[in-house]
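Peer 1: Please work from the sequences and hints to get the whole structure.
One-letter residues, chain by chain:
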Amino acid sequence: MSRNRFGRWLIAVPMAALAVATIYPLVFTANVASKTRHEYILDRFSPTESLRLENFASAWASAGMARYFANSVIVVAGAVALLLVVGSMAGFALSRLRFTGSRALFLGCLAALFVPFQVIMVPLARTMDQIGLMDTYPGLILAYVAQFLPFTIFLMTAYYSGIPREIIDAARIDGNTTYGVYWRIMLPLGRPALLSVGILNALFCWNDVLIALLMMPSADHRTLMVGVTSLRGQYSDDIPTFAAGVLIAALPVLLLYLFFQRQIAAGVTAGSTKG
Amino acid sequence: MLVAPAVLIIAGLRLYPLALGVNFSFTGDGDRNGQAVGLDNYAVLLDDPLFREAMGNVWLLVLLLPVAVAIPGMLATFIYLRVPGHRFYRSVYFFPAVLSPVIVGAIFNLLLAYDGTVNTVLGAIGLGPVDWLGDPDVAMFAVVGVHVWATFGMALVVFLAGFSTLDSALIDAARIDGASLSQVIRHVIVPGLSRTIQFVFVTTMIGMLTSMFGLLYVMTGGGPEGSTYLPEYYIWIQQGQMNRPALASAASTVLFGVMLVVGLAQIAVLRRAGRED
Chain Z
94 MSRNRFGRWL
104 IAVPMAALAV
114 ATIYPLVFTA
124 NVASKTRHEY
134 ILDRFSPTES
144 LRLENFASAW
154 ASAGMARYFA
164 NSVIVVAGAV
174 ALLLVVGSMA
184 GFALSRLRFT
194 GSRALFLGCL
204 AALFVPFQVI
214 MVPLARTMDQ
224 IGLMDTYPGL
234 ILAYVAQFLP
244 FTIFLMTAYY
254 SGIPREIIDA
264 ARIDGNTTYG
274 VYWRIMLPLG
284 RPALLSVGIL
294 NALFCWNDVL
304 IALLMMPSAD
314 HRTLMVGVTS
324 LRGQYSDDIP
334 TFAAGVLIAA
344 LPVLLLYLFF
354 QRQIAAGVTA
364 GSTKG
Chain L
65 MLVAPAVLII
75 AGLRLYPLAL
85 GVNFSFTGDG
95 DRNGQAVGLD
105 NYAVLLDDPL
115 FREAMGNVWL
125 LVLLLPVAVA
135 IPGMLATFIY
145 LRVPGHRFYR
155 SVYFFPAVLS
165 PVIVGAIFNL
175 LLAYDGTVNT
185 VLGAIGLGPV
195 DWLGDPDVAM
205 FAVVGVHVWA
215 TFGMALVVFL
225 AGFSTLDSAL
235 IDAARIDGAS
245 LSQVIRHVIV
255 PGLSRTIQFV
265 FVTTMIGMLT
275 SMFGLLYVMT
285 GGGPEGSTYL
295 PEYYIWIQQG
305 QMNRPALASA
315 ASTVLFGVML
325 VVGLAQIAVL
335 RRAGRED
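Taken in sequence, the protein lines are chains Z and L.
Take any residue in the first sequence, note its place counting from 1, add 93, and you have its number in the numbering used here.
Take any residue in the second sequence, note its place counting from 1, add 64, and you have its number in the numbering used here.
Please keep in mind that the hints were generated in silico from the structure rather than gathered at the bench.
Idealized CB from N, CA, C, for every residue including glycine.
Misleading hints may appear alongside valid ones.
Stated by the list, open to error - Interface residues of chain L toward chain Z, partial, derived using beta-carbon atoms under 10 angstroms: (1) Gly-85; (2) Ser-89; (3) Val-108; (4) Ser-291; (5) Pro-309.
Peer 2: So this is what it looks like as structure tokens:
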């Protein structure tokens with residue numbers, strides 16, 4: 094019994110230490126963000142005396158975070174909406190409608206899942222340039238959709254495979270066309286999966302820096318993550334404002350995590366147990 | 065047709081560029097733009113110390129892979145065996161996995177600075193200081209360490225999902241028979257989770273090859289002395305900074321080859337496991 098208890102402590106102490114190591118970087122950054130430059134230079138570690146929001150205000154306004162934030166919201170909203178519509182239509186068709194070549198299409202989709210962006214970024218940039226979408230919102234949105242669509246289709250197909258065909262047959266007897274079945278039955282039934290996939294895609298798009306850097310290079314088109322990378326150079330002598338900017342960029346993700354942790358975990362583990 | 069938009073997007077913007085890119089890699093840059101140059105770009109890659117550094121770092125990642133898989137595996141085991149506070153640990157550990165590499169990199173720039181938190185803590189126990197991001201022998205390990213910090217939670221939840229498919233009666237039976245924790249792990253948990261373990265190996269490797277760009281871009285810029293180059297960073301520099309798209313395409317093709325090897329290794333392991341079953 095006592096050996097067992099000792100063993101428990103042997104595990105519990107490192108685990109607690111690791112939990113501290115996981116949270117500390119964020120706490121440190123929040124602490125720095127509410128110091129003045131002077132306080133930071135004197136002592137960056139001591140807890141801040143009062144919660145100051147000036148640095149957040151100046152990062153938001155003068156460092157251009159407001160603009161970057163708006164760019165990110167536009168692009169992420171557009172990409173997620175398009176991903177959900179295109180992905181759920183394809184998922185419905187691939188899982189519940191039998192047509193020639195549906196199996197081959199699903200396999201093609203899976204193959205695309207294993208083509209990383211880094212491998213296709215050079216020709217993709219050239220193609221975007223040729224069709225006039227380089228450095229535009231639709232161009233970046235389309236790049237995100239292309240990047241995350243295979244994953245979206247994969248999850249939606251898996252989800253819709255669990256919905257009984259009888260429901261679809263019944264809806265058809267009631268006089269629905271295929272589009273009617275999609276719109277009135279599959280879309281509402283798919284809500285839990287759409288929520289999970291939508292949140293994950295929002296995270297992926299929000300957090301991306303490479304695709305945004307490549308597809309929207311001009312300064313006033315920067316997304317928030319690209320903006321953060323440029324912030325470092327601008328504010329190298331004003332770390333508290335820099336830290337505030339970093340936290341502003343992380344805040345939406347933090348909120349999503351607090352409210353939708355379960356959906357996020359469900360999304361990233363899908364496909365791991367079915368093998 | 066409901067699948068038409070999906071097919072158009074995937075074929076046009078994923079699969080077609082793949083073929084186009086392989087094609088580019090056999091053409092020239094600059095003056096020789098568009099001309100067929102055979103394998104010249106690949107010869108340039110072989111001679112480029114930066115690209116060799118990048119491929120050397122891929123080997124380093126392969127060597128570090130078991131560590132990056134073992135850490136979340138052990139933690140998931142403890143959480144599954146209901147260490148006090150296991151629910152809390154689960155949500156705390158998973159949290160960094162949802163942060164952007166850019167955010168993580170920016171925060172760790174502060175922590176790993178020469179006068180930052182990590183060196184202050186080390187100094188307090190009489191060690192260091194270490195120039196984490198400025199020493200060519202250390203920087204790559206620092207960046208990989210940060211990557212593991214940021215992503216072990218992802219592998220952790222995958223392991224936990226695997227555990228939920230395990231038959232807990234088996235573990236109880238083994239414990240009643242007097243098996244120690246390490247025996248339970250070796251004889252019950254590892255065989256029961258072989259599929260999950262393989263899945264984590266492959267996804268962790270793919271993650272290390274394709275999602276460290278943000279960290280490299282923010283933390284080291286490939287430096288010091290090119291010591292933190294990875295293929296994805298090399299591709300970005302050749303395409304975005306040096307304007308050598310054909311050379312970048314050749315590097316992309318090599319990276320795709322590496323990814324294929326990872327994928328094929330996965331299939332080979334699955335086959336062998338299948339025969340043993």
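Peer 1: Each hint needs a verdict: does it hold in this structure or not?
Peer 2: Hints and how they fare:
1. This hint holds: Gly-85 (chain L) has a C-beta 4 angstroms from the nearest C-beta of chain Z, less than the 10 angstroms allowed.
2. Here the hint on Ser-89 (chain L) is kept, as its CB sits about 9 angstroms from the closest CB of chain Z, short of 10 angstroms.
3. The beta carbon of Val-108 (chain L) is not positioned within 10 angstroms of any beta carbon in chain Z (closest approach about 15 angstroms), and the interface hint is therefore violated.
4. At its closest, the beta carbon of Ser-291 (chain L) sits 20 angstroms from a beta carbon of chain Z; the interface hint therefore is violated under the 10 angstroms criterion.
5. For Pro-309 (chain L), the interface hint holds, since its Cβ comes within 10 angstroms of a Cβ in chain Z; the closest pair sits about 5 angstroms apart.
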